[in-house]
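S.K.: Chain by chain, the residues run as shown.
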Amino acid sequence: MPHVEFLNVNKMYPGGTRAVIDLNLTVEDGEFVCLLGPSGCGKSSTLRMLAGLESITSGDLLLDDRRITDAPAQSRDMAMVFENYALYPHLRVFDNIAMPLVARGVPRAEIRTRVHQVAQTLHISQHLNKRPQLLSGGERQRVALGRAIIRTPQLFLMDEPLGHLEAYLRVQLRAEIRRLHERLQATTVYITHDQEEAAAVSDRIVVMNAGRIQQLGTLIDLLDRPANRFVAEFIGSPPINLLYAVLSNNGNALQIGPTLLPLSPPQRARLKKVRGDGFTFGIRPEDISLTQVREITTIPGRVAVLEPQGDKTVLIADTPSGHLSALVPSKDVPQPGESIRLRCEGSRAHLFGPDNEGVLHGIG
Amino acid sequence: MTDVAITTKSQTRAVVRLRNWTVYFGACAFVGFALFPLYMMITTSVKTDQQAFAWPPVWVFTPNFNAYYNALFVFGGRGVGHYLMNSLLVTVASSALAVFLGAMAAYGLARFRFLGNRDIAFFILSTRFAPPIGFIVPIYLMATRSGLLDSPIALIIVYTSMNLSLATWLLRGFFLEIPIEIEEAALVDGYTRWQIFLRVALPLVRPGLAATAILSAILSWNEFLFASIIAPGNAATIPVFLSGFSASMNIDWAEYMAVGTMAILPIMLFTLLLQRHLVRGLTFGAVR
Amino acid sequence: MADIRVEKIHKKFGQLQLFENFSLACPDHMYVCLVGPSGCGKTTLMRIIAGLTSPESGDVMIGGRRVNELPPAARHVGLAFQNYALYPHLSVAGNLAFPLRAPIRRVQYNEAKISASVKRVATLLKIDALLDRHVNQLSGGQQQRVALGRALIHDPNVLLLDEPVTHLDARLRHEMRTEIKLLHKRIGTTTIHVTHDQQEALAMGDLIAVMREGRLEQFGKPLELYEEPATAFVAGFIGDPPMSILRTSLATEDSQPILLIDKTTLPLPSRLRRQTQTAKSDQVLVGIRPPDITVTDPNEGDLNGTVYSHEMVAREQQLIVSIEAGGEVRCRLKRPIEATSGTRVGLKFSLANAKLFDADSGKSLLLGPSER
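Chains as they are written, first to last, in this note's numbering: chain A, 736 to 1099; chain B, 2 to 289; chain C, 509 to 880.
In isolation and in its complexed conformation, chain A is listed as follows (with noise of 0.2 Å):
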């Protein structure tokens, strides 16, 4: 299983625009690495660079040290799973998946046992005789799935496999695509726009934005320190909250409307250092409690709107700076229209500049 490298790549179609722009990216052997982020942020554009149908426009890509930047699609041995499938509609579920062994001329016997192999480890052996419209939409992606897997090649490369599919479906089916990724043991790159998805079944996560890689790392490392208010805001269910904070008058406190959350000196002068007017004060709903302490440190506010998970509700509640969702136990959780105090776990806050990268991770 080799490792995959970019090195300065970049992709330019011939309008003009720029998808990708100086990605160097390192995929480890036998790594699951997820590409992240919302349509348009390249991560299609670096998926089909790698895989060969896109060509390089500048920049070079290293499969196991070897240069593969011109070779053409079909030797560069990766099997690649479509969102939409693209399964062969005249054919059954057997010839589709046996379709990339057929194509190599590999005898007919030997086939026939490794469909069967493939199909019985993705649950789909009573299909095999069927045609892909009989199929439901689940089946039909394990049948792509299986059609990659068949050739055990050096890397698999999936674009949003999973994104037509009903959400407790979705569920079940990246668990599969895991635990096929483990048994395999695969170089893995997986793109999706769905965070939870991502965290769900990666090692690593590339979160990607105008064709920029604005952050690589784990779930925990995106969630404790993001580089920037993107992935800030675009990691975490429910979403991070984000208020607009300014530095108080003596230098010694930040101010998020009439709340004043004090700094520690190294804050403070870091704080200073700081170009521009207005900072951006990131806390997750999981990291805001319910207070009974009337001082301003607290945040007062309103409850709007109550949304029940289960043994925890996210409380939406109006307050001075806007909307502000925290996650509470459901136990006596105060109603809609009862005012309510709010209380930011400062050591998990984060701090924006106005160029909107991290200045600060932790306040106080």
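Everything labelled a hint here was simulated from the structure, so no lab data went into it. Treat the hints loosely; a few may be bogus.
[As the list claims (entries may be wrong)] With a cut-off of at most 27 Å between alpha-carbon atoms, the simulated DSSO-like pairs for lysine-lysine come out as follows:
1. K1047(A) x K856(C)
2. K1066(A) x K1047(A)
3. K842(C) x K856(C)
4. K729(C) x K621(C)
5. K621(C) x K634(C)
6. K1047(A) x K729(C)
7. K693(C) x K627(C)
8. K693(C) x K1047(A)
9. K1066(A) x K729(C)
10. K771(C) x K788(C)
11. K842(C) x K1047(A)
12. K1066(A) x K856(C)
13. K729(C) x K516(C)
14. K1066(A) x K621(C)
15. K856(C) x K771(C)
16. K1066(A) x K516(C)
17. K771(C) x K729(C)
[Unchecked claim] Some chain B residues flagged as far from chain C (calculated, every beta-carbon gap over 12 Å):
18. A106
19. D190
20. M269
We treat Cβ as the ideally placed atom computed from N, Cα and C, and that holds for glycine.
Assemble chains B and C onto chain A, guided by the hints.
M.R.: Just chains B and C, lined up with the frame of chain A:
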């Protein structure tokens, strides 16, 4: 999905460019060859005989529209104008009827579930299978018995029924393309089926209506067989009228070309006019 | 504003008898979520209420009036379709105004009134800047707002939302959920919201109807469904985290009822012992939540199992463990362990908060035998 190679060397780029130029030149030559008769006809109709037969050919000249005037009012006795009017009347009426009736039939076949839906749809298409010449005698008899021989009404009836099958079949396909949710939304919004047909379905099949109208018009305008049998005289259409002139006459070339030009111009203009409605995917992306 | 009631409806779906004597009552002004896996009939039920399809028998009542014979137009409902179904040949303003231009409303709405209504609804849904745009120039989120606006503009008695936020990306989905809830607080129209996402239903519904294969599993307030699931299906479907359901048999040991999984005994706390007295059969389903399951080394817990899958959910590691004796449980660990699929682990159960269900009917043992 490959884009133009940007990192090729300059030599390769030159080769590619030469290849492109050769292809373009070849394409232009072919198109020029195909359009030449048309060019010839139009220019001859506005040249004097002298200019028309000059060699080397005269490229720049002042157009002379006398031929058109003669053609319209004098040519062959009466002038072609009368027969142009016949053609126009018959074509417009039969196309309009075919599109309107066809749209209603197509909508019914596309949207309503009833016994024999598919069979009726196929039957309508099947009326195009038999060669028209087989129907000459019955149609002639019907025209004579009803006293409609040599009247535009007979032609309109025949052409409408000929175009109707094609119109219905084409428009049915277009109606089936409209996502049903859009019409259901209109039902919930407070509209009746007929109102939905007029205000939602028809606007959304505009390309289909344009295509059907163009095809019907071409068919009706150029039709010769039935016209020659049941409208041989006063109600004759252009094709019938033109067929009466063989090369035995003294050919006034400019006039003859003028008649030809006027025979094809209306249809060309009609198609050009409707062309902008032949856009793809009016409903594309409306339903995700 | 009107309450909605369907009573004893029968409906076939293709060859399948989907609804058999199905009844549901949605009180006036409430936000009701219909939730369930695909095929449960939630969309069909919504279409029956709208009038786009009819039941074979049974009554559909809106505001106390029987509306079975009325076409959709006469029922004054607003419907926001899952795929938006906007009119592609009209602008945003045209789409919003379209319901008001229907001939049946000609008397009520003149041009001035139509204009005013369009402006009002557009402002309410924050699309007033988009009024002149064409539908295919809008993003998914914007199209969804137009669909909502079109459903609301004629002040319907009932608002029907078919998976309104399913096709939006995650961040927009959260935003729109809150917006729709706040909108409902303002306008108060009786709303029925169809979704397959239980998290969405829990977050948004005043009342939730869980449906499966044409049957109503439970109908109640969100936390009621979570804390007192009426059936094993509801227990395993609703809530984050949902319960894990295990098949066990009732047995006695020292004249006390206990649960038996394969050969392992699980002692029952007293409140559950009382429930088992009314059990009809000895096959019992146990619903248990992740906080009550501890992962240990193999052979150090009550049962052994192998890890089927592992994923990070927020900051916790979620393991789905296949139990050797049969069944699967979901565990959540605050401190992740080294695990891949196939790792063997031990599981320790605490039944203090568990729920028991009859294995045949799926119904909770909390309900008396007459209710099951």
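S.K.: Decide, hint by hint, whether the structure agrees.
M.R.: Quick rundown of the hints versus the structure:
no. : hint                : result
1   : K1047(A) x K856(C)  : holds (24 Å)
2   : K1066(A) x K1047(A) : holds (8 Å)
3   : K842(C) x K856(C)   : holds (16 Å)
4   : K729(C) x K621(C)   : violated (39 Å)
5   : K621(C) x K634(C)   : holds (20 Å)
6   : K1047(A) x K729(C)  : holds (15 Å)
7   : K693(C) x K627(C)   : holds (20 Å)
8   : K693(C) x K1047(A)  : holds (22 Å)
9   : K1066(A) x K729(C)  : holds (14 Å)
10  : K771(C) x K788(C)   : holds (22 Å)
11  : K842(C) x K1047(A)  : holds (16 Å)
12  : K1066(A) x K856(C)  : holds (26 Å)
13  : K729(C) x K516(C)   : holds (23 Å)
14  : K1066(A) x K621(C)  : violated (47 Å)
15  : K856(C) x K771(C)   : holds (15 Å)
16  : K1066(A) x K516(C)  : violated (37 Å)
17  : K771(C) x K729(C)   : violated (39 Å)
18  : A106                : holds (22 Å)
19  : D190                : violated (4 Å)
20  : M269                : holds (28 Å)
Of the numbered hints given earlier, the model fails hints 4, 14, 16, 17, 19; all others are met.
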